[in-house]
Each structure stands twice: as structure tokens, then as C-alpha cells.
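Participant: Note that full-length UniProt numbering has the sequence shown beginning at 1, numbered continuously upward.
No wet-lab data here; the hints were simulated from the structure. Incorrect hints may have been included.
[Unchecked claim] Straight-line Cα separation of at most 20 Å, SDA-like style, residue types lysine to any residue; simulated pairs:
1) Lys95 to Glu367
2) Lys412 to Glu284
3) Lys95 to Ser336
4) Lys37 to Gly140
5) Lys21 to Ala66
6) Lys101 to Tyr347
7) Lys114 to Ala206
8) Lys412 to His349
9) Lys114 to Arg237
10) Lys21 to Asp62
11) Lys471 to Ala432
12) Lys363 to Thr381
13) Lys114 to Ser40
14) Lys101 to Thr55
15) Lys21 to Asn10
16) Lys95 to Asn10
17) Lys95 to Ser351
18) Lys114 to Ile64
19) Lys363 to His386
20) Lys256 to Ala268
21) Lys95 to Arg375
22) Lys412 to Pro424
23) Lys95 to Asp110
24) Lys9 to Glu31
25) Lys21 to Ala69
26) Lys101 to Gly344
27) Lys101 to Phe139
28) Lys95 to Gly370
29) Lys363 to Leu378
30) Lys114 to Gly67
31) Lys101 to Gly87
32) Lys114 to Gly253
[Claimed, not checked] Simulated restraints on C-beta separations:
33) Arg260 to Gln304: 39 to 47 Å
34) Gln16 to Tyr388: 54 to 62 Å
35) Asn20 to Asp501: 24 to 32 Å
Where a beta carbon is used, it is the ideal one built from N, C-alpha and C, also for glycine.
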Amino acid sequence: MTTSLHSFKNLAALQQALANKSISATELAQESLANIKAHSHLNAFLHIDDQLTLTQARMADDMIRAGTATALTGIPIAHKDVFVTQGWRSTAGSKMLAQYKSPFDATVVDKLLKAGCVSLGKLNCDEFAMGSSNEHSAFGPTLNPWDHTAVPGGSSGASAAVVAARLVLASTGTDTGGSVRQPAALCGVSGIKPTYGCVSRYGMIAYGSSLDQAGPLAASSNDLVDMLDCMSGFDERDATSAVSCRGEPNASGRIKADYRKASNAFAASTVNPLQGLRIGVPREYFGEGLDNEVAARVEAAICQFEALGATRVSISLPNTRLSIPAYYVLAPAEASSNLSRYDGVRYGHRSESYTDLADMTSKSRTEGFGAEVQRRILVGTYVLSHGYYDAYYLQAQRLRRLIAQDFQTALKTQCDVIMGPVAPTVAKQIGANQEDPTADWLADIYTLSVNLAGLPGMSIPCGFAPGASGKPLPVGLQIIGDYFDEGRLLAIAHQYQLVTDWHQRSAGHAA
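Model the full assembly from the supplied sequences, consistent with the hints where possible.
Facilitator: Printed below as a string of C-alpha cells:
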């Protein structure tokens, strides 16, 4: 039987087809693998193994026949290559780990496998998740399926691109400073970064341990619910795994329960379903640097929320401009510590020519790490060094606290959610910032502060604006909520997507 993911508008339709046995997980996996290979020019997948995928598909078919299927059983997905996996290589987009195979699965991978998801392989990403464009992968950039001359965003660029091209209907990503939300925006898909600690970091190859958080990407907010619900939950193997704001374990099932509760409340009014919702619009998000076309699409989206009954509230997040310097002190400092384990001794790349242990370590790191990773390691080592720790690292931690306080002041006293742009422009051209490698850092101005505060945030498609090549490229709307408010964020986004169709547009025809 021949089918295509383009024939299914959402996960629910695909779930129904699998449950009705009008299609099998094995048939779907076979067709999906063929489609991926036909779109290899996107450079989205780093490792595919047909036998591993088909083995998982047959397991999913067994679950369906036995009546033990979950909402995700048989659904084809793919994992960002910072999640370690048994069988598939786990490279983090780096030459340092080019041939590494993990002896265990990350918690996120394990949970989705047990739910019956079928993995199609590992996805390209900026090396060790360091980047905003997917140009910093050791294996070359992923192409934006809407315009092959443009970047898909980063670091989860391929995770967004494969959903936009409908090579999969859902994927996993990680968000350290916007790396789920920004590529979701630039590729026209939905993605959510949950509250820090909501999803286990066990088995995620670390970049910035106090900032890294896993999150799903899919076509719509409704599709994200089952994915995030499965991925979330307390994990005793992860020292940063959180309990909820109610003091209860952050258990699987919470996301879906909160989503249903919020959705039921909104459904009470068919005319103004968002009546009473206060939307905070930060003045700092609409200043210098924001492209006029992007601003117009975001403004139109907020107006649509007002038409659904919500109220706009002008707010201030005065320390937004400090998020870039704070982040680019703290994240490189943590990266410097995390990446010190790659010394050429135990695993990873080892130089073939060296004189002694110190020379081996130096050459292995020089050969194994790309320019962006080396740049951030050097910055991080510098700010942690004697004489500079107090001046830079401690000051950045103080700024982090001020940024978090800004959000809490707004969310506790002025508004229920915060909305604004995800990125200041649409996707830039590949190589556009080659002369100034730090220019990419500015693209994270609206997303970094959410990670610094540990809050949940998501991106949903809200229109198109002209790109540098003249082609229309997607624009994303960012929605930020209070801690452990993912269910309500998803429900609010769903109300918007019930009356708009931006999320239904795929780049399959352009891929």
C-alpha cells in the first residue's frame, strides 16, 4: 500500500487510520523512509537505519493488534541528534562524536519508544546545539524546505524542517536559548519549550545544563499535546527533573489533563472563547531591530486573539536587552565545563598524530570541535577563570535573576500570558552572517530570556513575510506562560489555530 503523510492533516487523523487498520505502522514506515531518501537534498537526516525503523514499526503493529496501543503508537517521528540512542549514531552534529553509538537510550527516546512511536532516524543540528541557523553542523547545513537558499533556524533546524516538509508529523528538539521555538518559527511549524525540569535531560548530550530543555515540534499545537505529555514526567536519573508548582511530582498525564481543563473552559463560549484572557505585549519586543513585515504578522495574530475575546495589556520587560550578554556568559561557561569530557581518551575523536597526553588532548579537540564550539568554549573558560569569575559569571547570574523577576511581575500582576515575535526577521540566507559569526546571537533576543527564567514558551505559525530571495517565508508568534502552564499555552494556541490555517500549510511542494 502506498500512502503519504501529506494525506493526513494531523496526528489525530493518522492515529485514526492506524486504529482502523486502513494503514499499518510498517507500511507507513516504509513509505516514510522512501520519502526521506527522496528528499535527501535537505540534508536533514544524519543517520537512517531501515531495519531499526521497521523493527519498531512491527512492534507498533503488534501493540495495535493486541489492543495496547497508545495515542502515539505507529506514529513516525525523528530525534534531534543530541538525544543518545541505541543503534543509531549519536553525534550531536559534531566530528568529535561522528561514529559514537550509545549503549542506552535517552529518557525522552525511551518514553516515546514505549508509547509505540516509530523512529525514522537522527536529525541534523548545530554542533552540540550551539547555533541559531543549523550552519554549524559538522555535516553541513540543513536547508529550509520553503526556500533552499535559506537556513531553517537552529539548533533544532532539521527537527523543524522535516515537519515543515511533512517527512514526519512530529519530532524532538532541544531548546537552550530558543532552539525549538526559533526553527519552528522560521519553518512554519509549532514547537514548545516546556518549563525547565518538565522533561528529563537524562541522555541529552549537554550544552548548558541550567538552560537545556527538550521539547516537541509538530504541525499544530493540538499535535504537540500527546508528544509533550509522553515526554514529560519526573525522572530520578535527572538531578534537574522538577516537581510541579503544586508540590506534586511532575508526572506524565499532567500536560494532557491541564490542556483538557483549559480547552473545556474555553469551549464554554463559542463566540468569545478567550474571554477574560489577558495578553501581555512587551514594549521591548517591538522596538529597533524587528522587521516591519514580521511585526505586522505578529500584530495581526494578536488582533485575532483579541477577536476571540482576549484583552491586550501593554507591559514592560525592562531587562530584555540584557538577556544576550547574560546568556552568552552563562551558556558558554556551562559549555566549557560540559565539553571538557571530550579529551580523546575515553570516547570521541582522537587525533592520529601526537607526542604526549597533553598534545593528544589539544589536537583531538582542535580537530574534533568546529569553530563555533571552540569560540564558545574559549568564552566560557575565560569568564570562569580566576580574576574574571566575579566580574562576568556572577554578574550574569544576577542579571538572570532580574530577568526572571520581570516575568514574574508581569505574569502575577498584569497578564496571564505574554505574546510577541519569536525572531526579529524571517529565515536569513545561508552564509549571510559568515563575516560576523556573532551576528547570529542577536537573532535570539526574544527567546533567550525565557530560558534564563526557566519558563515555558512556544511558537506557532502566524503568516508569511518576504525573504531575501523574494520567496515568502514563515513568521512565528511566541506565547510565554507561567511555570508549569504548558497545558493552557497549548489550549490557547489551539483556539487560534481553529480560526486560522497557517499551521496547515506545508512546504512539501517546495521540498
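Participant: Okay, which hints does this one fail, numbers in order?
Facilitator: 7, 8, 13, 16, 19, 22, 23 and 33
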